[in-house]
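Colleague: Listed below are the residues making up each chain.
Number of protein chains: 2
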Amino acid sequence: MINFTVGPVQASDAVRAIGAEQVPYFRTAEFSEVMLENERLIKKFAHTTEDSRVVFMTCSGSGGMETAIMNCLTKQDRALVVNGGSFGERFVELLTLHEIPFTEIKLENGKALKPEHLAQYENQGYTAFLLQKHETSTGVHYDIDIVADFCKRNGCFLIVDTISTFLCDPFDMAATGAGVMITGSQKALACAPGIAVMILASSALKRVEDNKCCCQYLDLKLALKNMERGQTPWTPAVGIIRQINVRLKEIEARGGADAEIARCGNLAKYFRDKLIEYNLPFEVVSESLSNAVTPLHPTTQSAYEIFLKIKDEYGMWICPNGGDMKDTVFRVGHIGCLTERDYDLLIDAFLDLKKKNFI
Amino acid sequence: MINFTVGPVQASDAVRAIGAEQVPYFRTAEFSEVMLENERLIKKFAHTTEDSRVVFMTCSGSGGMETAIMNCLTKQDRALVVNGGSFGERFVELLTLHEIPFTEIKLENGKALKPEHLAQYENQGYTAFLLQKHETSTGVHYDIDIVADFCKRNGCFLIVDTISTFLCDPFDMAATGAGVMITGSQKALACAPGIAVMILASSALKRVEDNKCCCQYLDLKLALKNMERGQTPWTPAVGIIRQINVRLKEIEARGGADAEIARCGNLAKYFRDKLIEYNLPFEVVSESLSNAVTPLHPTTQSAYEIFLKIKDEYGMWICPNGGDMKDTVFRVGHIGCLTERDYDLLIDAFLDLKKKNFI
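Residue numbers (this note's numbering), protein chains in the order written: chain H, 1 to 359; chain D, 1 to 359.
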């Protein structure tokens, strides 16, 4: 199977080799070194301030999103949240559950965020801002500079979900002034799913310190305390943390974050050019594309039926959408160990479906 | 390295082969089948009632413990909790955090639970009982029948942490009447760490339904709803769930839970007999041993120094203790892919340390 979804994605041979190894005992200096090296490389690739810190939580990216909210926001905050798809909606659900006062900036699927969306919220006393830098469900890559500038002017604490954009699109955490960024092991890190990686800037560390987390398992005070020595309060997904280590060093050896972002961008461009070249009956439905994924509306067939057909008859996974978009949108990812040749095979499959009048 | 810790433990070749594979996309009928087969086999091996259900949470065993408390107990409960070591203490911390009224039955390290410990709590209106069937930190295997009988007489909802005893010692969930059992992927399941497996009896399902969970990520209502179709609300540790599948089928093919328990028991007996045969300067410090682990007090050297020496000079991990027991107790596990030959090598290492007057 060739995997064009947005996670889990295809891992490199070196990452898979770690998966084949016995998982070592981890309350050791040796494992602590792996953890601290991971922290160092994540900080480097995300362009953080020196005093930022990293934690590796054994949970999904959504678990990381909730961890950020539970540990960094309180009922005294007033948050703004951009909701332009399933993951924005998840932030809304989480703010509701945790009783954080908020205002929702609702964007239609596929629409970009523009300065006029924020204008009415200037100087209104907002204290926090939550944003998917890339709304994975719709493939919209929001302009984080607009939000970062707003947050700086208004003194807002910024939580950025970079789950599906980290290492796909440029990100400079220090420049944005973000307090928290979140990513997952199974996106461009291209390891097995199970670890949420979170970076906390000094503004976030202060909020964590002053806050009482309602969940011990996701308590960042405990995670940060243990991470001082490269450890975790609970048994982490040791195997995945070791995969992340191999992967980060692989990226470093191949030119660092910029080279990985360029590689991802080139794959995205290759695929998008082919779509036009072959005049496939798919419309790109995002106003602002990430390198991570191309969201497509098929004009002649149900998106989900195309997903099933490509899986069952061509041995490839494209990424189906859920909910309202199940039949109208599918996505093709550009994350992980993929090559131009893989996209040639996918285009061939689409052309075959066209020839058979399936699309 | 030979791994005699209590987790992560050594995996079989078949489990490691899954680790080497690409992690597949999981919102598919194929992955749902894996999940539902896992549920069926877990229920079989734990001897559950037919209407019990299983969820696979991407978190540690401690995350599973908190999930049980957050979803199944309320401030209207009055809980009894046995605290005979680090994991009993964790239950106490969690009950405190979640403001569940409770009474602690504090046992000294190494001591068994006896009917007289419970006598004073009869007919006192307790509604819940939390127990480590095996307190991993001290290697004490509590007599669950005493607790199960108490719970039946007193109408208590029983939460059993079987994290390090499931598939090591006999367990019949239906017979105990337990509401929840919890185990982890990295104990006798001998897969990579990252998944907590939870079984919920009908009494637990009712409590989950009536309760409001304060954490979306660990909300069992969402997990149970998705598990109806073999799915999870958030991206799970897909690779580990696939490892669990291979491992459960491996156990089934080799005679089921009883055969695995017997294998673990035989390894424990083999090691314990050798300790006596060679008159090693270690005292067994548990009144009631599990097959999972042998907790030892070395009488001539710091336990932690022995752990380091065995790791650095003999290429083996024994399991260090933390906190107060760091220097006084280490443990030797009997979980995972180990053979009598492995124990011969460990005994040889101990004998060598004795010869060198290190112990």
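Among the hints, erroneous ones may be present.
In this list, chains with the same sequence are indistinguishable; a pair is considered to hold if it fits within one copy or across any two.
[Claimed, not checked] The calculated lysine-lysine pairs, modelled on DSSO-like cross-linking and capped at a C-alpha distance of 27 Å, are:
#, residue 1, residue 2
1, K75, K221
2, K106, K354
3, K212, K75
4, K221, K274
5, K354, K206
6, K75, K249
7, K274, K356
8, K269, K114
9, K221, K326
10, K326, K225
11, K152, K221
12, K212, K354
13, K44, K75
14, K309, K326
15, K111, K152
16, K206, K309
17, K326, K75
18, K114, K355
FYI, nobody ran anything at the bench for these hints, they're computed from the structure.
Colleague: Confirm or reject each hint.
Modeller: Verification of the hints:
In the homo-oligomer, the alpha carbons of K75 and K221 lie at most 27 Å apart both inside one protomer (19 Å) and across protomers (25 Å), since each shortest distance falls under that limit. In the homo-oligomer, the alpha carbons of K106 and K354 never lie at most 27 Å apart, since the shortest distance is 36 Å inside one protomer and 71 Å across protomers. In this homomeric assembly, K212 and K75 come within 27 Å of each other (Cα to Cα) both inside a single copy, at 12 Å, and across copies, at 19 Å. For a Cα distance limit of 27 Å, the shortest separation of K221 from K274 qualifies neither inside one copy, at 49 Å, nor across copies, at 44 Å.
Taking the closest pair of Cα atoms, K354 and K206 never come within 27 Å of each other, the shortest separation being 56 Å inside a single copy and 51 Å across copies. With identical chains, the CA atoms of K75 and K249 are never at most 27 Å apart, being 41 Å at best within one copy and 48 Å at best between copies. Taking the shortest alpha-carbon separations for K274 and K356, only the intra-copy value of 19 Å comes in at or below 27 Å, while the best inter-copy value is 71 Å. In this homomeric assembly, K269 and K114 come within 27 Å of each other (Cα to Cα) only inside a single copy, at 24 Å, whereas the closest approach across copies is 69 Å.
Taking the shortest alpha-carbon separations for K221 and K326, only the inter-copy value of 23 Å comes in at or below 27 Å, while the best intra-copy value is 39 Å. Within a single copy, K326 and K225 get their C-alpha atoms only as close as 43 Å, which misses the 27 Å cut-off; across copies the closest is 19 Å, which meets it. Taking CA atoms no more than 27 Å apart as the test, K152 paired with K221 passes inside one copy only; the shortest distance there is 26 Å, against 39 Å between copies. Neither within a single protomer nor between protomers do K212 and K354 lie at most 27 Å apart by alpha-carbon distance, with minima of 57 Å and 49 Å respectively.
Proximity of K44 to K75 under the C-alpha cut-off of 27 Å is found in neither arrangement, the shortest distances being 33 Å within a copy and 45 Å between copies. Taking the closest pair of Cα atoms, K309 and K326 come within 27 Å of each other only inside a single copy of the chain (14 Å); across copies the shortest separation is 58 Å, beyond that limit. In this assembly of identical chains, K111 and K152 lie within 27 Å of each other by CA distance solely inside one copy; the values are 24 Å within and 58 Å between copies. In this assembly of identical chains, the alpha carbons of K206 and K309 never lie at most 27 Å apart, being 51 Å within a copy and 40 Å across copies at closest.
Taking CA atoms no more than 27 Å apart as the test, K326 paired with K75 passes in neither setting, with 35 Å inside one copy and 41 Å between copies. In this assembly of identical chains, the alpha carbons of K114 and K355 never lie at most 27 Å apart, being 41 Å within a copy and 75 Å across copies at closest.
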